[in-house]
Structure formats: structure tokens, C-alpha cells
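A.B. asks: Listed below, chain by chain, are the residues.
There are 2 protein chains.
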Amino acid sequence: MSRATTAPGPGRRPSGDGDGRRALLLDAAEKIFNARGIQAVGMDRLRSASGLPLKRIYELFPGKDAVVVATLRRRHTRMMADIGAHVDAAGSPRERVLSLFDWFHEWFETPEFRGCPWMNAYGELGPTNPAIAAEVYHHQREFRALLTSVPRSAGCSEAVVGAVYLLAEGAVAAAAVQHSPSPAAEARAAVAALLAADAPASGAAVPGTAVPGAAASTAPPAGV
Amino acid sequence: MSRATTAPGPGRRPSGDGDGRRALLLDAAEKIFNARGIQAVGMDRLRSASGLPLKRIYELFPGKDAVVVATLRRRHTRMMADIGAHVDAAGSPRERVLSLFDWFHEWFETPEFRGCPWMNAYGELGPTNPAIAAEVYHHQREFRALLTSVPRSAGCSEAVVGAVYLLAEGAVAAAAVQHSPSPAAEARAAVAALLAADAPASGAAVPGTAVPGAAASTAPPAGV
DNA sequence: AAGGAAAGAGAATGAACGTTCTTTGACGCG
DNA sequence: CGCGTCAAAGAACGTTCATTCTCTTTCCTT
Numbered sequence: 001m002s003r004a005t006t007a008p009g010p011g012r013r014p015s016g017d018g019d020g021r022r023a024l025l026l027d028a029a030e031k032i033f034n035a036r037g038i039q040a041v042g043m044d045r046l047r048s049a050s051g052l053p054l055k056r057i058y059e060l061f062p063g064k065d066a067v068v069v070a071t072l073r074r075r076h077t078r079m080m081a082d083i084g085a086h087v088d089a090a091g092s093p094r095e096r097v098l099s100l101f102d103w104f105h106e107w108f109e110t111p112e113f114r115g116c117p118w119m120n121a122y123g124e125l126g127p128t129n130p131a132i133a134a135e136v137y138h139h140q141r142e143f144r145a146l147l148t149s150v151p152r153s154a155g156c157s158e159a160v161v162g163a164v165y166l167l168a169e170g171a172v173a174a175a176a177v178q179h180s181p182s183p184a185a186e187a188r189a190a191v192a193a194l195l196a197a198d199a200p201a202s203g204a205a206v207p208g209t210a211v212p213g214a215a216a217s218t219a220p221p222a223g224v
Numbered sequence: 001m002s003r004a005t006t007a008p009g010p011g012r013r014p015s016g017d018g019d020g021r022r023a024l025l026l027d028a029a030e031k032i033f034n035a036r037g038i039q040a041v042g043m044d045r046l047r048s049a050s051g052l053p054l055k056r057i058y059e060l061f062p063g064k065d066a067v068v069v070a071t072l073r074r075r076h077t078r079m080m081a082d083i084g085a086h087v088d089a090a091g092s093p094r095e096r097v098l099s100l101f102d103w104f105h106e107w108f109e110t111p112e113f114r115g116c117p118w119m120n121a122y123g124e125l126g127p128t129n130p131a132i133a134a135e136v137y138h139h140q141r142e143f144r145a146l147l148t149s150v151p152r153s154a155g156c157s158e159a160v161v162g163a164v165y166l167l168a169e170g171a172v173a174a175a176a177v178q179h180s181p182s183p184a185a186e187a188r189a190a191v192a193a194l195l196a197a198d199a200p201a202s203g204a205a206v207p208g209t210a211v212p213g214a215a216a217s218t219a220p221p222a223g224v
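The listed protein sequences correspond, in order, to chains E and L. When we follow this note's numbering, the leftmost residue of the first sequence carries the number 1, and every step to the right adds one. When we follow this note's numbering, the leftmost residue of the second sequence carries the number 1, and every step to the right adds one.
Just so you know, not all the hints are guaranteed correct.
What the hints assert, rightly or not - Per the computed footprint, the stretches of chain E lying under chain L, defined by three or more beta-carbons under 8 Å from a beta-carbon of chain L, are:
1. 41–53
2. 57–69
3. 72–80
4. 87–99
5. 148–160
Stated by the list, open to error - Anything over 10 Å on all C-beta distances counts as not near chain L; from chain E, calculated:
6. 18
7. 20
8. 23
9. 26
10. 27
11. 30
12. 106
13. 110
14. 111
15. 114
16. 119
17. 122
18. 124
19. 144
20. 197
21. 198
Claimed, not checked - Chain L stretches covered by chain E per the calculated footprint, using a threshold of three residues with CB under 8 Å from any CB of chain E:
22. 29–37
23. 55–66
24. 88–96
25. 190–196
Think of the hints as simulated: they come from the structure by calculation, not from any bench. The structure displayed is predicted, hence computed values, not measured ones. Even glycine gets a Cβ: it sits at the ideal position worked out from N, Cα and C.
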């Protein structure tokens, strides 16, 4: 719904162009939804936090639901890329697997951490909002694919592959309520124990290139 | 109208006494909050589902928040007892640990399963409602104590003890979004792998009474 | 410099919610 | 038989929210 009708060159754009405004809004929405939940946040708060008039917000998105979905999607893309980059900075296949939990530890230590944004949105709006439920499903499927690809390409058994994902998911839930990063360390210790028992993981020579990286670093957010 | 004068006791109490009314309300609230979230459910729906007039509801509870907390608390008590009974029906220490995940598998298979009610409430209302946040914290602490007590009294290492809890928490989150009980089976397989690598677990004879409150006695928690 | 389109700020609107109050009707007791 | 008490049902009240509309100002174009 862009108004390309009479908007010539870069004349006057106090709040930036469409993309800039979109980023302003999503930055504000991500922060506020994370801190206070979704239904507890009114559009007026999004307006004051983003500096955008309501009129612009409703030009960018058809409604609040779309803002929520876009916020989740943008954060998903960023998170996947972050994890991918973190894993790619590790050396051996074993270290790549363990580095996942270092990433989670760092996340849990940030003061804004308040649990998994997707699980929070799912618990709050999943039953009544199919678009949000679908977005959460999409996130979890890709997140799971990323987390399982690391131990799988390290040659781990399927039991260990599944455990890495479930331990990560459990650590997020535990850390959220406990307000402590220690579940990440516990999950890491559990994975270390599993890897020690899983012969191929520690010594096997699996091509260490970033198999999952392709899914995270360059994939466009389009589609689905 | 349809008010048969069924007064089975002192005076006339069409809807039962205080405890009966409380149970009526909590039954309805538990079901509806689980299916639709909390903020999406109005007091009017609680009234129609429970059959209690609003006046009685507000006599039983000072407000909606108290209904939510009471619902979570009652369900917590029931869940803890259910898990304890299920574990106690198992035989060897190893089977007791694995039976935890059979319990979860059964839970995930029920059609009403929609994730962890406490995590859902925490994501939705934790930031704005300290009473609910405290109730969730209380639940998670006791839930964790129960789940860790089973592998601990089976002689498992602390890494395995922590993994059992985190795998359970992760399985709940995964099963909720996937609408599938398979995460319970995956978690069970991971625990079986851990137990196989954990020497004392399979053979050691540890007195296997359920819910041994004396938790941390042997090994210190795996710090950072 | 005048005209006009678009921008920002915020009021208006209509619906939903939590909580309280009023009305209506039935029962027990004198 | 009439009166007081209490229960149920639902209207009422004040607030909040998502969304739309209005009014005033700004700044480009001619």
C-alpha cells in the first residue's frame, strides 16, 4: 500500500523512509513486548516508544497482530543468524555443539532476557490467533533444525541430537523463571556427558564446515 | 425456573457449599484458561461455564487474579501427586526415572494439552502481575525438586540429574507447539542414553522412596 | 508569495472487560 | 397469609484498547 503517487525524491522525511520507520517500530515493539507481554501493551505505547504517529503505524501494518508477527519474524531471523555465527566461530565439532550453550548462557545473562519470545507469544495468543500460532510453529521448526544440525553434523547419535534441542528448550524455560543463566551451564554439562559417551562425537572427523550456517546467515526472510 | 429445591444438607444451597462452589469455579477456570489463555477469558465466561453467579465468584475470590493463582495452585498440587504416584508404580530406580517421561507422554497425548500452564501464565502475566509470577516460581521450584529427586535417589550423577529436569521442561515446550507427544519419547531416549553411560544408575541399589525432600546432599551443583 | 498536499498530534468511536449494583422472584418463618 | 431474607440474573459503571478521523502546521511546488 505504498503511496508512490506524489512522493518525489528524498525531499522531506522526518522519520526516515518506509524501511526506517519499520525498523523504528519493530525496535520499539520488540523491546516492549519482551518486557511487558503483548496484550498488556497498547498501540499508544508503541506510538510513544517508536516516535511514529499512529497513522504511520497503520500504514506500515494492517493491525496490531501484524506488528506482533513481524516482530517475531524479525527477531527469529536475527537469532538464527546470531547462533549460526557463534557456532561457526567454534573449532572442533565437539566445541561447536557445546558453543550452542555458551550462546544461551550469554543470552540468559542479558538483563532483558525474559524467556522465549515465541513460547510467550504462543501461550498468550496461540489459542486465539492462528497467524501468531503459525509464526511460532515456523520459528520452532527452524530453531530445531538449526540446533539439531550441529550435533548431527558432528556425528552424534540421534538420541544425542534430540537431547541437544530439548535441553536448549528446557534451559530457556528454566532460566526465564529462575532469572538465572545457570540452566545453560547445566544443559552444557549434560551435553558434555552425552558427548563423552557418544564415541563418534569426540574424535570422529566430520567435515566441520558450517552446514547450518547457510540456513541462518544468508537465507532471506521471505516466503512462508 | 429449573431450580429444584435440592437442599442436601443444612438450609438451601443450590450450588453446593463454599468448597463445592470453589471446585465448580476452579474446574471451569482451569479448563477455559488452558484452552484460551487467561486475558482472553472474561469473568462472564467463567460465570457461564461454572454456573455460578458473579456475586458468588466475587465472594469466593477477591478478583480475577486470585482465581488465576488458585487455579494454578490447585493444578500444581494435583500434578505433583500424579507424577509421584506414577513414579511410585515403577520398579527399579532406572525404571522410576524413565517412567517420568511415560507420564509426560501420556499428558502430551491428551487432547487438552496446550503446553505448560505455568509457563503460559508466566509469559502472559508474569511481567505485570507479581502474584502470578510468584506462583509460577513456586511451581517450577517444586517441580524441579520432584524431577531431580528421582534420578538423584537412583544414584545418578549431577549432570544426569540436571538433564532429566531440563529434558522434561524442553519436552513440554516442544510438544506444545508441535502438537505431538514425540518429544517425550525423544527425552526418554536421551535419558536412557545418559543412564547407560552413568554407571551407578543401572545397577546401584538406592532406596527408592519417592519425593525425597533431602535433595542436595552428596555432590555440589555444577556451578558455572 | 500563494496554494495545496502531506505530516503530526491527539480526539472520537465502538467494543470488551472487571467489578459492582439493581431487579426479580422464591423460600422459611412467624 | 404476609413479611423479611437471600439467591440468581443481568444491567450498569468506569476503564482500557484498537482503530479511525479531524484539525492544525509544515514545507514543496509554481
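A.B. asks: Using a Cβ cutoff of 8 Å, are there at least 3 residues of the stretch 88–96 of chain L near chain E, or does the coverage claim fail?
C.D. replies: Answer violated; 0 residues pass the 8 Å Cβ test.
A.B. asks: Confirm or reject: residue 197/E is not an interface residue toward chain L, with every Cβ-Cβ distance exceeding 10 Å.
C.D. replies: violated (3 Å)
A.B. asks: For the stretch 55–66 of chain L, do at least 3 residues have a Cβ located nearer than 8 Å to some Cβ of chain E?
C.D. replies: violated (count 0)
A.B. asks: Would the least Cβ to Cβ distance between residue 111/E and chain L come out above 10 Å?
C.D. replies: holds (13 Å)
A.B. asks: Counting residues of the stretch 190–196 of chain L whose CB is closer than 8 Å to a CB in chain E, do you get three or more?
C.D. replies: Per the Cβ count (5), the hint holds.
A.B. asks: Quick check: do three or more residues in the stretch 57–69 of chain E have a beta carbon closer than 8 Å to a beta carbon of chain L?
C.D. replies: violated (count 0)
A.B. asks: Counting residues of the stretch 72–80 of chain E with a beta carbon closer than 8 Å to any beta carbon of chain L, are there 3 or more?
C.D. replies: With 0 residues closer than 8 Å to chain L, the stretch 72–80 of chain E misses the three-residue bar; violated.
A.B. asks: Is the nearest Cβ of chain L still more than 10 Å from the Cβ of residue 20/E?
C.D. replies: holds (29 Å)
A.B. asks: Grab the minimum beta-carbon distance between residue 30/E and chain L and tell me whether it stays above 10 Å.
C.D. replies: The assertion about residue 30/E holds, with a minimum of 14 Å to chain L.
A.B. asks: According to a criterion of three or more residues whose C-beta lies within less than 8 Å of a C-beta of chain L, is the stretch 41–53 of chain E covered?
C.D. replies: That given contact is violated, which follows from only 0 residues of the stretch 41–53 of chain E lying within Cβ reach (below 8 Å) of chain L.
A.B. asks: Closest CB-CB distance from residue 26/E to chain L, is it above 10 Å?
C.D. replies: holds (19 Å)
A.B. asks: Check the non-interface label on residue 122/E: least C-beta distance to chain L beyond 10 Å or not.
C.D. replies: Residue 122/E not clear of chain L: closest Cβ-Cβ about 6 Å, inside 10 Å.
Hint violations for this structure: numbers 1, 2, 3, 4, 15, 16, 17, 18, 19, 20, 21, 23 and 24, all remaining hints satisfied.
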